[in-house]
Amino acid sequence: MGDAASKLRDLPEDARVILRPLVETTWRFYAVAGLLGAVALWGLVAYYLQFHSGLGRTGLNQPEYWGIYIIDFVFFIGISHAGTLISAILRISKAEWRRAITRSAEFITVLVIGFGAIQPIIDLGRPDRLLNVFKHAQLRSPLLWDVISIGLYFTASTIYLYLPMLPDLAIIRDAGIKAPRFYRWLAAGYRDTPEQRNRLERAIGILAIVVIPLAVSVHTVIGWIFAMTLRPMWHSTIFGPYFVMGAIYSGIAALLIAMVVLRRAYRLEEYFRPVHFDYMGRLLLLFSLLWLYFTFAEYLTAFYGGEHAEMRTFWAKVSGPFAVPFWTMVLCCCVIPLGLMCRGATRTPRGTLYASIAVVIGMWLERFNIVVPTSVNPRWEFEQAARYFPSWVELSIMAGTFAGFILLYMVATKFFPIISIWEIREGREVAKHEVPERVASYLPPDPIGAA
Amino acid sequence: MPRWGMVIDLDRCTGCAACEVACKSENNVPAVSPAQADMGRAVSWMKVMVLVEGDFPDTTLRFVPRPCMHCDNPPCVKVCPVAATYLSPEGIVGQIYPRCIGCRYCANACPYTVKYFNWFAPTWSESERAHLNPDVSVRPKGVIEKCTFCHHRLQKAREDARAEGRELRESDYQPACAEVCPTAAIAFGDLDNPQHLVGTLSHEPRATRLMEELGTEPKVYYLTPRT
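Respectively, the protein sequence lines represent chains X and E. Residue 288 in numbering that gives the first Met the number 0 sits at position 289 of the first sequence, with consecutive numbering throughout. Residue 192 in numbering that gives the first Met the number 0 sits at position 193 of the second sequence, with consecutive numbering throughout.
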């Protein structure tokens, strides 16, 4: 390790700071990783029990067919919109402040999407027959649309994470600070020649455009899984766009939490600067307002129509057995983030952290409020409303998947630079001069007749 | 080709639940423990739904026997990712147990909540095991099951008719619930055949279907009570 540390010292400053977590690991990291690993193992044990004896181990029943797993599915895939979508939009819109944050966002996407995608498999009564989805694929089922769009999105966002990381992987390879053969293989012969750089940037540009419709399609289709049924308060055209909006909202919040933690743990205060939190906080503000608008539109439409079946679910949420999760959701998705993010004084790292934690909790509750109240209130009035209490198996698997995701993200920060070294350098060397030129090009020439 | 359907006269239904019991023993529907039943995990392909109307003492009990509606436009068939639930050419909505992956999407999509899930593997007492119906497959854990209009009886009736060299008669194919109903509240047959009882009953002014407005085109008709 001493050897690696001395090699690290010889690197330029950006690389030195950003690559430090790859060679130095504190006891705190091991302690947290051990704890998370234990929780993840506990979740695996719970799943083994469920796999062995059947879904009866859950609290699910008839007609409450979908519970924690489907809630987590929607929630995790929502979080996955953090990365690719936000980073792609910032790249395309040439937002220069993106440089420090894109990588950490893209990592969230790629890692969380796997944890999202396994949820419906955990929810299957016959996971052993999973491959029937390909063998007997029935394309008119929204679940198949989901398999396709999540598959495409996972592939595209993995490439979109990997490609912009190539120059950094080459830096690690050349510095020789860690596992030389692993990084030689990963860097795939990238030498950062002008020709290679040019090609790489073109490929990133194309991918950034390709992943946006894919990201939009993923959460639209998840919304459609519910909306395509005739269930009260699911059967609604707002679900596609509502889910996409909510996904980006929870994604921004997850990214902000990750940024605050990374900044503290790896001393990256100079990279994740207050201005990043200020700008991301403004995005959070925008989405809290959008959330309010979408939610109001959804509930007003159901209420005004006043159809009996819809109203049973509506009142169950607003003033019935689900009033607590419903109003906590309103508090967490709207009141808290709106209150904190509308003032510059609280758009600080600490303020955005509080707002983001509220949003993540609120968005999980929103998924709960979508899945459960409709499930327990069937359309036919002869059918009695059901009850649902998640069993310890469901809660353990949920805890296990959350822990597993955080653990994997932590481990990833030990193998990959969580901030893009070359993009920061490019910012220092190129963008700093480009931006004044770009601003000048927006304005009429001075004097106007000059050009 | 016949279009199998059912007409249930609610005026005749006494709520005795003989149809429920007959269905369970005909189709090897496993009993669950009381604790499981309290959780809402009892399986009842045919279920007599009870609605209490009015306040005490002016109360009325209404009974509605509810099998699968065997919709002509079944919401469950559309959403199944593996085509494990299907609409047969004769209008019976069936379930392929060995193919079902247990995602329960069909169960969520069904507005009549007629789809049941096997939360655990079924268990049978010794005496039950001896009397399982050999014509109906026993479902494993983790798959969806539902009323099939006893379509195994149709197969058998067809074979019998063919062996005897004659046409299939209305009385040849009756599901267990219709056969056992003591008040003959349940009629079953070919909806498109005016010779069959259901062919005429389903056109009576009293005939209605559950949630017709959803466009699911159920093939179970109810004759509404006159009182």
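Among the hints, a few may not be true.
Each pair of labels, with its calculated beta carbon distance range [as the list claims (entries may be wrong)]:
{"id": "1", "chain 1": "E", "residue 1": "Glu125", "chain 2": "X", "residue 2": "Val260", "range": "58 to 64 Å"}
{"id": "2", "chain 1": "E", "residue 1": "Glu89", "chain 2": "X", "residue 2": "Ile211", "range": "45 to 51 Å"}
{"id": "3", "chain 1": "E", "residue 1": "Leu196", "chain 2": "X", "residue 2": "Ala136", "range": "37 to 43 Å"}
{"id": "4", "chain 1": "X", "residue 1": "Ala264", "chain 2": "E", "residue 2": "Ile95", "range": "23 to 29 Å"}
Since the hints were derived computationally from the structure, they do not count as laboratory data. Virtual Cβ for every residue (Gly too), placed ideally from N, Cα, C.
Q. What are the numbers of the hints the structure violates, in ascending order?
A. 4
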